[in-house]
Amino acid sequence: MPTPDTETPSAPGPMDGTHAVGLKVEDLSKSFGKFEVLKGISFEVKPGEIFVLMGPSGSGKSVLLKHVVGLELPTAGRVTIDGLDAADPMTREKVRMALVFQAGALFNSLSVYDNLALYPREHRLAKESGIREKVMRALQILSLEAAAQKMPSELSGGMRKRVAIARALVMEPQLMLYDEPTSELDPVMSVTIAEIIATLKEQYRVTSIVVSHDRDLALGIADRVGILMGGKLVHLGSAADLRQPKDPIIEEFLNPKIDLKNPRFKKLEN
Amino acid sequence: MNQLLRILEGIGSTLQLLLRAASYVPSLPRQFGRLIEQCYLIGYTTLPIVAILSFFIGSVLALQAGYSMQNFGAKQFIGALVGLSMARELGPVMVAILLTGRVGSAIAAELASMKVYQEIDALVTMNIPPARMLVMPRLAAVLLMMPVLTIIANLVGWFGGAIVANATSFISIDPSAYFATMRQTMKFEDVLNGLVKAEVFGFGIVLVCCSIGLNTRGGPREIGAAVTRAVVVSLILILVLDYFVTKALM
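Residue numbers (the working numbering), protein chains in the order written: chain A, 228 to 497; chain B, 837 to 1086.
Extracted from the complex, chain A is given alone in its bound form (with noise of 0.2 Å):
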């Protein structure tokens, strides 16, 4: 993977003057009804670390980025962030933190630089030419340039991605969260993202939670890596650890081999 630091434009910045942030997640549950997503979850981010969380489908890792950023409360334990729990309004009064969400979630009745310019306006953050400046080297970074004026209905679903992504990236977070931040991107944009992300590690120190199925960003970025199955964490190690899973279930996850003679989906018949 090329250096972030020569492969890319800098990320809007600086994001000087506050501190990168820790979280720890305390015994995490969560249950919808009878359904119970979240099963005991422990682990702790370091600041300034990259942490990918990968898993199976339905396995509970949006509903923990949820619980995050204060969206979703638990039904038992607790997440910090610095030591504030996640769940207090007040948390997010405190600690800069963005989500890039899956589906990019824009404002659709806004136009894409709207949709960058909302939250320094509305925090008042600076004047409009200071706005503008921010909003464009987001743009820029992510090659959106062209796409400024652009309503979100006019984009393709890896554009809206993009968009998600320089609009948090505008935020200045001090935690940035991102849900499959790969997904629907063709592979020089995946790496791109990648290089963003750890970008923002670099030259920031912004600490980052990557929800991700994509093997070859968790092996590239990640200072650590969890694994999330049925809603319990199966694995917590470095992204070294990855190259060779001891675990079989781990292994198949991460390297599944395509079996025409004998496909996954008859053995489930059977």
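Hints are computed from structural coordinates only; laboratory data are not their basis.
It is possible that some hints are incorrect.
Pairwise CB distance ranges, derived in the manner of DEER restraints [said to hold, decoys possible]:
hint : chain 1 : residue 1 : chain 2 : residue 2 : range
1    : A       : D254      : B       : L979      : 43 to 49 Å
2    : A       : T302      : B       : I1072     : 31 to 37 Å
3    : B       : R1019     : A       : R359      : 39 to 45 Å
Some chain A residues well away from chain B (every beta-carbon gap over 12 Å; in silico) [said to hold, decoys possible]:
hint : residue
4    : S269
5    : G297
6    : R305
7    : D309
8    : R323
9    : A330
10   : R359
11   : D413
12   : H462
13   : L463
14   : D468
By construction, the Cβ of each residue, glycine as well, lies at the ideal position given by its N, Cα and C atoms.
Position chain B against the provided structure of chain A, taking the given hints into account.
Only chain B this time, still in chain A's reference frame:
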């Protein structure tokens, strides 16, 4: 039992939303652009349909009153009847019903769709409270626009009644006589009571529609269901509030 719990939950979340929105009143000057936009959507775009409907309500009222009262020789009081009915009851109620169909449904659909497509979640993570950005300007706009719409509805209704009373052969009341009886019978208080009612209805409709929209969960089908629920609840609310506000103002 579940239905009752859902109703109580709905009332609770609507009151919570009201308190949250009220706490953002000081932010209103900063949101002047949004306030103007909402005034345009709630007031200006609703005006044509309010005018058309009020004209015909006034006309029908004069026609029915003329038909009924001709046997008692009380035709000269048509002006008073149309004036009082429009100002105290029909003006505010009809504007509220139109507001529900024209604006309340649009608010519920917009907010429900923002909720379903995670735009509301995105606002929360950006530390931009939806109650401040989406609810407060709408509530302020409806408070500003309801009296204007109701006064226009009253005026158009009164003139509709005057035209019909003059042009219908079996009534044939001169507009000057029509308005003279209206002036003699009506007090400023009658118009004011109607405007108070309109404010209460408008505020209730927008609050309920915002609350239902923001509490939508699920997919696109739930957006449609939220709109239906918002319209039905608003219509019931108008009629229930109508009784209590009328009683309180008597």
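Compare the structure with the hints numbered earlier in the document and write down the numbers of the violated ones, lowest to highest. 3, 5, 8, 9
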